[in-house]
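Going down the list, the protein sequences come from chains S and U.
Here this note's numbering is used: the first residue of the first sequence is 1, the next is one more, and so on.
Here this note's numbering is used: the first residue of the second sequence is 1001, the next is one more, and so on.
Misleading hints may appear alongside valid ones.
Sample of chain U residues facing chain S (criterion: CB under 8 Å; computed from the structure) [unchecked claim]:
| id | residue |
| --- | --- |
| 1 | G1014 |
| 2 | L1018 |
| 3 | T1020 |
| 4 | R1023 |
| 5 | H1047 |
| 6 | R1049 |
| 7 | R1055 |
Derived lysine to aspartate or glutamate pairs resembling DMTMM-like cross-links, with alpha carbons at most 20 Å apart [what the hints assert, rightly or not]:
| id | chain 1 | residue 1 | chain 2 | residue 2 |
| --- | --- | --- | --- | --- |
| 8 | S | K189 | U | D1010 |
| 9 | S | K87 | S | E52 |
| 10 | U | K1209 | S | E31 |
| 11 | S | K178 | U | D1010 |
| 12 | S | K187 | U | D1010 |
| 13 | S | K87 | U | E1048 |
| 14 | S | K189 | U | E1048 |
| 15 | S | K87 | U | E1034 |
Label-pair ranges, simulated between beta-carbon atoms [as the list claims (entries may be wrong)]:
| id | chain 1 | residue 1 | chain 2 | residue 2 | range |
| --- | --- | --- | --- | --- | --- |
| 16 | S | G67 | U | T1221 | 46 to 54 Å |
| 17 | S | G67 | U | S1220 | 53 to 61 Å |
| 18 | S | A71 | U | P1178 | 31 to 39 Å |
| 19 | S | A147 | U | D1010 | 19 to 27 Å |
| 20 | S | E49 | U | P1178 | 24 to 32 Å |
| 21 | U | A1191 | S | V95 | 49 to 57 Å |
| 22 | U | G1193 | S | A16 | 42 to 50 Å |
| 23 | U | Q1072 | S | S164 | 36 to 44 Å |
| 24 | S | A16 | U | A1038 | 19 to 27 Å |
| 25 | U | R1073 | S | L192 | 34 to 42 Å |
| 26 | S | R183 | U | A1038 | 22 to 30 Å |
| 27 | S | A147 | U | K1209 | 33 to 41 Å |
| 28 | U | A1030 | S | A147 | 27 to 35 Å |
| 29 | S | Q194 | U | A1208 | 39 to 47 Å |
Just so you know, these hints were derived from the structure itself, not from any lab.
From the three backbone atoms N, C-alpha and C, an ideal C-beta is built for every residue, glycine too.
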Amino acid sequence: MATQPRDNEHLARLLARTAARDHAAFRELYELTSAHLFGVALRILHRNERAEEVLQDAYVNVWNQAGSYAAGLSAPMTWLSSVVRNKALDRLRQVRLSDQSTVVLVDDEGEEFLDQVAAAPRADPQELLLQATDGLRLRHCLGTLDAPQRQSLALAYYDGLSHSELAAHLQAPLGTVKAWIRRGLDKLKQCLEQPGPAAARK
Amino acid sequence: MDYERSPLLDQLAGAYVLGTLSRRARRRLASVAERSPAVQRALAQWHERLAPLERSIPQATPGAHVWQRIAQRTQPMPARAAWWQGLWPRLPGWSAPALAFSLGIVLTLGVLHQAPQTLGLAPIATRSAPSYVGLLTDASGEPVLGASSLRRGSVLTVKLLKPLVIPTGKVAMLWALPVDGAPVPVGAVPASGKVEIALGAPSDTVFAKVARLAVSFEDSTGVATPGGAFVLSGHCIKLW
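Okay, chain S solo, but in the shape it has when bound:
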């Protein structure tokens, strides 16, 4: 993932040239970022086809709205992944809604099989949380959360579970789950904003 400052500068330049309708720069931006962003979409949506549709829409959006990228607000990669993540989550909500309403009609062994295949090698969200934050200040801050808070954050972030889906998954009342998420995010934010111990800042 391109998060080094030099990479960020390069990506920001490519975004600026994309905003100026430079299609070659846009292509390079795609080459550099699509594997990471496709991974993000695939993680949330499971299925190749859906993730590819979301990726396609996201890059068309980027082409049309590259000018609205504000370098002061976020790193280029963060901005790009926010476009993909938002679209993937929107799509997921839409899919789940239609899956629910067509549950009787869908009787396709092939589809189920594909779902199983897609689901098989997936890493556990909590494991991903640990891997992602290794050596980061975020790791230290996640450590200040209670276990249920941390678990619900991981499930929401990596699997796109909504409040009500989390409640079903964790077999806890909706209000409790909402409170875990709210307090978890609150603590995380406060911790990240504190000066904090130097050792954990890396």
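Got chain S sorted already, so can you dock chain U onto it with the hints?
This is chain U only, laid out in the frame that chain S set:
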């Protein structure tokens, strides 16, 4: 109520980015954000806070058709007759080969997709299409070599699209270039025609992490690392 100063805004923005909001709530917040810089800022801050969590999500290569479709929807097309002719002179020198390469790969993949046997890259009797495909171009961006292997296949089929001029006393060696390691020798390629190179392991094992393929001229086929410069190179793409 001044919602822009409310702590509720921050909570909603956090839940939006985390992904826990319902479809309706997501839509409403997104439409409010369009008009409110404060909401945009709150969302951007949460994206920035949580972005490191993405580091552990495995990367994946989207199908080549994804870029084709994006290009179709974004490429400026001034004149329908020959839009690419107008494009050529305006491009900086380095990008003409790059564009030729992209066009080449797009066209080739299109052809392969329609009829994999066209290039002799897949046996006609085989129902599944090639799953790893590489199109190697020379320094001028001209496609010279096509390579493909079926998923879990044990053979890499290499076809020369135009004759390769191999210096006397040298052999042309094909290398797999993994994203995170040293080049791995695949085998010798002929100056023209087609060859099937036996792989030491199933193609998924050999090419899983290979981003590019390249050809160099070497003194013998036994070399473990490329001694010469790469005369041909191209992306290696996993398909279907």
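Which numbered hints does this structure break?
Of the numbered hints, all hold.
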